[in-house]
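K.L.:
Chain residues, written in single-letter form:
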Amino acid sequence: MSAAAAKAKRAVRRPVSIASFAQSQNVRRDDQHNEVEMLMPVVAEVFANIGITKNDIDFICSGSSDYLIGGPFSFVTALDAVGVWPPMPESHTEMDGAWALYEAWALLQEGEIDAALVYSFGRSSPGNLNEILALQLDPYYLAPLWPDPVSLAALQARALIDAGKGSEEDFAAIASRSRKDALSNPKAQVAHDIPVETLLRDEYVVSPLRRHALPPITDGAAAMVLAAGDKAREWSDKPVWISGFDHRIETHSLGARDLTSSPSTAKAADVAGVADGPIDVAELHAPFAHQEMILKEALGLDDGVTINPSGGALAANPIMSAGLIRIGEAAARIASGQAARAVAHATSGPCLQQNLVCVLEGE
Amino acid sequence: MAEYCAVIGVGQTHHKSKRDDVSIAGLVREAAKMALADADLTWTDIDAVVIGKAPDMFEGNMMPELYLAPALGAVGKPMFRVHTAGSVGGSTSLVAAHLISSGIHKRVLTVAYEKQSDSDAMWALSVPQPFAAPLLAGAGGYFAPHIRAYMRRSGAPEYIGRMVAVKDRINALRNPYAHLHLPDIDMKMVEDSMMLWDPLRYLEACPSSDGAAAMVLAAEDSLSGSYPPAWIHGMAMRSEPTMFAGRDQVNPQAGRDCSADVYAQAGITNPRAEIDVAEVYVPFSWYEPMWLENLGFCDLGDGWKLTEAGATAFEGDIPWNTSGGVLSSNPIGASGMLRFLEVAMQVRGQAGEHQIDGARRALGQAYGGGSQFFSMWVLGSDKP
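Note that the protein sequences, when read in sequence, are chains F and U.
Residue 589 in the numbering used here sits at position 240 of the first sequence, and the numbers go up by one each step.
Residue 1027 in the numbering used here sits at position 127 of the second sequence, and the numbers go up by one each step.
Hints listed in this document are in silico derivations from the structure and should not be mistaken for laboratory results.
Hints may be right or wrong, so weigh each one.
Just a few of them, taken from the derived set where beta-carbon distance is under 7 Å, the chain U residues facing chain F [claimed, not checked]:
{"id": "1", "residue": "923"}
{"id": "2", "residue": "970"}
{"id": "3", "residue": "973"}
{"id": "4", "residue": "981"}
{"id": "5", "residue": "983"}
{"id": "6", "residue": "1142"}
{"id": "7", "residue": "1170"}
Chain U is nowhere near these chain F residues, computed Cβ spacing over 10 Å in every case [to be verified]:
{"id": "8", "residue": "398"}
{"id": "9", "residue": "477"}
{"id": "10", "residue": "500"}
{"id": "11", "residue": "516"}
{"id": "12", "residue": "540"}
{"id": "13", "residue": "551"}
{"id": "14", "residue": "553"}
{"id": "15", "residue": "584"}
{"id": "16", "residue": "585"}
{"id": "17", "residue": "597"}
{"id": "18", "residue": "627"}
{"id": "19", "residue": "703"}
Even for Gly, the Cβ is constructed at its ideal location relative to N, Cα and C.
My request is simple: use the sequences and hints to build the entire structure.
P.N.:
Shown next as structure tokens:
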């Protein structure tokens, strides 16, 4: 089926625009602010960008994980960053903010409301991420062995090398390019210009992953305003539209997956219509350098696509926000006129188990 | 523009203190398979899975949707996780319903669970956190002062709480899935039980349960199953802050606004007259009279009079918590969904011994956090 035929077959969705985006400075450790204090300036900025207040918002959805700060209800107090009085329609997902965005987008499809605030926050610094993320695994057969996320990613990278689909030089090239691009991203945590040959002299953290192929540990927050109907035009002269949106999950057992491919990303890309037109920019949530190669293949991106001009998750990886930030960064490229059509991606779980794809278009 | 959505399948586990015969995956699968069978569907008929549970710390399993994806037939599909504190079972149902009413999917499986025996929820709720006042001693310790405030405000006599505790446990005797079956329950048994958080005694508090609930929701053109669909006539969520001097924690504004919203959608102007049966989140006995007022079933200060007069009993004019309610089964993450599910069973006429004859329109309510998160739906046997 041709791309045009596929597009014609796809269900018609209500146009929803990304009206505003804001993110905090991404840092290794923000121990001067609690979650509310981290979020308040970000929420204030996302409103100020388009001159609105919370009174213009119909629905709020947030994404975060209790486990990062070791408390049962971190999202409860975080809501104070918005100040929901009088009470507001509000929901929370224990997933990356990109999925909170999906929930808000779905609600806007009904046509009953026109504006939503989405925010997410991730403080990775209070605990030990290697121990915390091991608790995402099957609690009976995997978690008791405490496999850490770096070791699992290293298994994936090794499988990629063994399959002849990537090399340590490729991983280093991705890391070098990403952090060099991050030099022009004022919110980035890690940005520098180091050539591949130098990076390849790094020690292994877990073979075949050297230090440069790992994401930084980041504290950060992000917020976005979605608009539909008249508000989309009212709040932007050149709206950035969400033209396709989907997410898919794979099985949990790593032994039952081909770790060198990402069928869930490919499926989400198909439903979201990535191939319906040319892609100029891709913001991919690839915390480990080699994962960019797997995602690029699954999304069907050719070498002409600019990947992660923000530096991606290798430049800043605030867990629970890094996916939402990819969508915000991709939208910014369209808003600035650098791109006409972009794809943004978010991931969750070990070795890219769950993936979300969002296609954005200007006009 | 929104599509009609209906409940076409329901399932739940036998709720118990310890379901050590099953893993977490086994627990959720038990409820999900029952819901699929009720809808006369199989896993492959489902477009997406929406799962909810209360804090991950309750089982020590971070973002468990990742591990549960294959057990719920979600591989290759969208799988979405909801967490809105105690209201989560209700909110999860609503997020799933919106995936239908938005036109995105045709059939969605929604599941909620808690396996409380894997940990100690009371202490998981009481982890000291930087910058935050300690909650101490779990939910009962938090809500008891608000109950005292209600008693003082309304002049309700002390025995009203005990009446609710007895009434809901008598209802639970009709429900084979309920955790607590106390055939000898009476006012004296409740009065003789240990004082936990004054004025709440042991038998005025919900149990700790292992359990799961599941529903299949479908669009108008995708109905199936042998029981009639339960149509959604209204659905809403509202939240308000935990700490705010202007809050009334006894009669929260978010609860009033949420019910006003669902009643407006359903065209209900007199809840007591127009709602045949209600399942309302009553984890501690006194929340029945408090929510009667908050949900507009009576004037302020009169909630306890309805309880006292037997209006909310099985034979009363507004039966509340025919399943036995949260007071009889409390798998926390699933408790809200069990409320939403019970009203689906009522309007579909499949509630067996706890069926209210002629139930055609019903309200499901869940709340969470410090009485600050609300989710509700109104279901009807007629297409809206």
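K.L.:
If a hint holds in the structure, say so; if it does not, say that too.
P.N.:
Verification of the hints:
| no. | hint | in the structure |
| --- | --- | --- |
| 1 | 923 | holds, 6 Å |
| 2 | 970 | holds, 5 Å |
| 3 | 973 | violated, 11 Å |
| 4 | 981 | holds, 5 Å |
| 5 | 983 | holds, 4 Å |
| 6 | 1142 | holds, 6 Å |
| 7 | 1170 | violated, 23 Å |
| 8 | 398 | holds, 24 Å |
| 9 | 477 | holds, 13 Å |
| 10 | 500 | holds, 17 Å |
| 11 | 516 | holds, 29 Å |
| 12 | 540 | holds, 29 Å |
| 13 | 551 | holds, 29 Å |
| 14 | 553 | holds, 27 Å |
| 15 | 584 | holds, 21 Å |
| 16 | 585 | holds, 22 Å |
| 17 | 597 | violated, 6 Å |
| 18 | 627 | holds, 26 Å |
| 19 | 703 | violated, 7 Å |
In this structure, the earlier hints numbered 3, 7, 17, 19 are contradicted, and the remaining ones agree with it.
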